[in-house]
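Protein sequence lines, in the order shown, are assigned to chains F and R.
For the first sequence, my numbering gives the first residue as 250, with consecutive numbering after it.
For the second sequence, my numbering gives the first residue as 250, with consecutive numbering after it.
Just so you know, these hints were derived from the structure itself, not from any lab.
Please note: incorrect hints may appear among the correct ones.
Since the list gives no way to pick out one identical chain from another, each pair is judged satisfied if it fits inside one copy or across any two copies.
Claimed, not checked - Simulated pairs of lysine-lysine, DSS-like, Cα-Cα distance not exceeding 30 Å:
1. K311 <-> K301
2. K392 <-> K511
3. K355 <-> K511
4. K355 <-> K424
5. K511 <-> K301
6. K442 <-> K301
7. K466 <-> K441
8. K311 <-> K442
9. K272 <-> K301
10. K511 <-> K361
11. K301 <-> K361
12. K311 <-> K272
Now for the letters of each chain:
There are 2 protein chains.
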Amino acid sequence: MDQRSIGVFDSGLGGLTAVRELKRVLPTENIIYFGDTGRVPYGTRSDAAIVKYTRQDINFLKRFDVKMILVACGTVSSVGLPVLREEYPGLPLIGVVESASRAAAKATKNGKVAILGTNGTIRSGSYQAELKRICPDVDAIGKACPMFVPLVENGYTDGQVARLIVEEYLEEVLKFGADTIVLGCTHYPLLKKVISEVAGSDVTLIDVGAQAAHLVKEELTERGMLAEEDGSVSYYVSDNVENFATLGSLFLQCEIKEQVEKIDIERF
Amino acid sequence: MDQRSIGVFDSGLGGLTAVRELKRVLPTENIIYFGDTGRVPYGTRSDAAIVKYTRQDINFLKRFDVKMILVACGTVSSVGLPVLREEYPGLPLIGVVESASRAAAKATKNGKVAILGTNGTIRSGSYQAELKRICPDVDAIGKACPMFVPLVENGYTDGQVARLIVEEYLEEVLKFGADTIVLGCTHYPLLKKVISEVAGSDVTLIDVGAQAAHLVKEELTERGMLAEEDGSVSYYVSDNVENFATLGSLFLQCEIKEQVEKIDIERF
Chain F
250 MDQRSIGVFD SGLGGLTAVR ELKRVLPTEN IIYFGDTGRV PYGTRSDAAI VKYTRQDINF
310 LKRFDVKMIL VACGTVSSVG LPVLREEYPG LPLIGVVESA SRAAAKATKN GKVAILGTNG
370 TIRSGSYQAE LKRICPDVDA IGKACPMFVP LVENGYTDGQ VARLIVEEYL EEVLKFGADT
430 IVLGCTHYPL LKKVISEVAG SDVTLIDVGA QAAHLVKEEL TERGMLAEED GSVSYYVSDN
490 VENFATLGSL FLQCEIKEQV EKIDIERF
Chain R
250 MDQRSIGVFD SGLGGLTAVR ELKRVLPTEN IIYFGDTGRV PYGTRSDAAI VKYTRQDINF
310 LKRFDVKMIL VACGTVSSVG LPVLREEYPG LPLIGVVESA SRAAAKATKN GKVAILGTNG
370 TIRSGSYQAE LKRICPDVDA IGKACPMFVP LVENGYTDGQ VARLIVEEYL EEVLKFGADT
430 IVLGCTHYPL LKKVISEVAG SDVTLIDVGA QAAHLVKEEL TERGMLAEED GSVSYYVSDN
490 VENFATLGSL FLQCEIKEQV EKIDIERF
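So here's chain F without its partners, still in its complex pose (with noise of 0.2 Å):
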């Protein structure tokens, strides 16, 4: 048993997909969330900035002794992640990429998986290695959405601009001919919809924050890490307090009544 809390940090607020999970299969879990909403989006910044945005998130959410960090961002576990992971032994330090490919390797028939991401993401071709790694067999293709954050990010998550938006981004996936689809940043599960709707039914898609969830599950239960009692979530800004509650809520679908503290990140 083990009461210290699970950090979870976001380039902003798509990580809460993933904190939703989180809270269904592991709801005695104690959460500590940060959001970094005064420099988000990471996913068009280049890889050096990335670094380090990631290296200041970490030392955050490590003040507060925490047992094991999610890293619910398809950027950052994509580029920051596989950099500056040795340099916190002892702190597991989960990503979105490895649960997410495990996945879709197991989701897949027909062998073709297409990943949709930001662009710092794709360019990493983590997911790819990743699948590569856990099956050799696997063709997979990576999309830049660039456009999907700031389509949930101003709410639409449906009608005739996402749809346009969603048509054009899969056209190559489609014609590629996958059956799984990996939403490969927390903020895309919300296009899920739209997205479905244009892939058709017979294409799976993996969401990204909800596959992490259970690897952290896994990972904890393994350790003999799991918390008892009933679990709270305290969350953490970059910048505008008073966005998060009404914002945030769509992403974990139901209302934020806790607190939000804002922090000034570029001192860690």
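Please build the complex by placing chain R on the supplied structure of chain F, with the hints as guidance.
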């Protein structure tokens, strides 16, 4: 005569639309441009974050002993500048709000002006207040257009997606009967064609970057501070030196051949 440089900054690359005009009307001036590409966009941040980022941007440019700063960002001009102006006595800070409001007041025939801007700009009511000050009879409304920056930065400056979003944002503006629309963010001139098609040819569009460049010329002339000889431009960004030349040339409408330097803006 004053050979010192003019400092110009923006949250990202939109400010280059002002540099373009500055180079045209003041070819002998030396320009130092800073684009905060590591923290773009500002328009969705809180006022506190915008003020903090503005201070760092000005502090960076001050190191070059600039004779004047053109704030080529609608959000900074609306939110950061009014708070910070007093911190920099002796350093003329020219924002985009004053000159654009003046141009709009001059252009309108029916006294109805609309301002398109980021969330931060519209929340501030800066253009409306300035218009009221110049011309109390003018009736002005603001419309936040948070999707315009992502559209421009991802190349959607034409076509169906841009048109649908422009139509949505302009609906209220056209119902209001504005005969003059202020493009209150330096990104927006790249959507001018679509905005003009949707608004109709009777509506005058005010390009804030271009207007501000004219005000800079006026102020330097009045103060006897114009430079002679041939002018040059130096570029600084807080991220992504690689993408700068490609995306930047879209805004500047000519190739960027000069060296671009990356700096750590958080140190200022």
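Status of each hint after checking the structure:
In this assembly of identical chains, the alpha carbons of K311 and K301 lie at most 30 Å apart whether taken from the same copy (15 Å) or from different copies (26 Å). Only between protomers do K392 and K511 lie at most 30 Å apart by alpha-carbon distance; the minimum there is 28 Å, versus 34 Å within a single protomer. In this assembly of identical chains, K355 and K511 lie within 30 Å of each other by CA distance neither inside one copy nor across copies; the values are 40 Å within and 43 Å between. When the C-alpha separation of K355 and K424 is checked against a cutoff of 30 Å, the pair qualifies only within one copy, where the shortest distance is 22 Å, while the shortest distance between copies is 54 Å.
Taking identical chains as interchangeable, the C-alpha atoms of K511 and K301 lie at most 30 Å apart whether they share a chain (20 Å) or sit on different chains (14 Å). In this assembly of identical chains, K442 and K301 lie within 30 Å of each other by CA distance neither inside one copy nor across copies; the values are 34 Å within and 39 Å between. Proximity of K466 and K441 under a CA criterion of 30 Å is satisfied intra-copy only: 24 Å inside one chain copy versus 51 Å between copies. Taking CA atoms no more than 30 Å apart as the test, K311 paired with K442 passes in neither setting, with 36 Å inside one copy and 50 Å between copies.
Taking the shortest Cα distances, K272 and K301 sit within 30 Å of each other inside one copy (29 Å), while across copies they are farther apart (35 Å). Taking the shortest alpha-carbon separations for K511 and K361, neither the intra-copy value of 43 Å nor the inter-copy value of 40 Å comes in at or below 30 Å. Taking identical chains as interchangeable, the C-alpha atoms of K301 and K361 are never at most 30 Å apart, the minima being 34 Å within one chain and 47 Å between chains. For the identical chains of this complex, K311 and K272 are intra-copy neighbours only, at 21 Å inside a copy versus 49 Å across copies, given an alpha-carbon limit of 30 Å.
Figure legend: structure checked against the earlier numbered hints; hints not met, in rising order: 3, 6, 8, 10 and 11.
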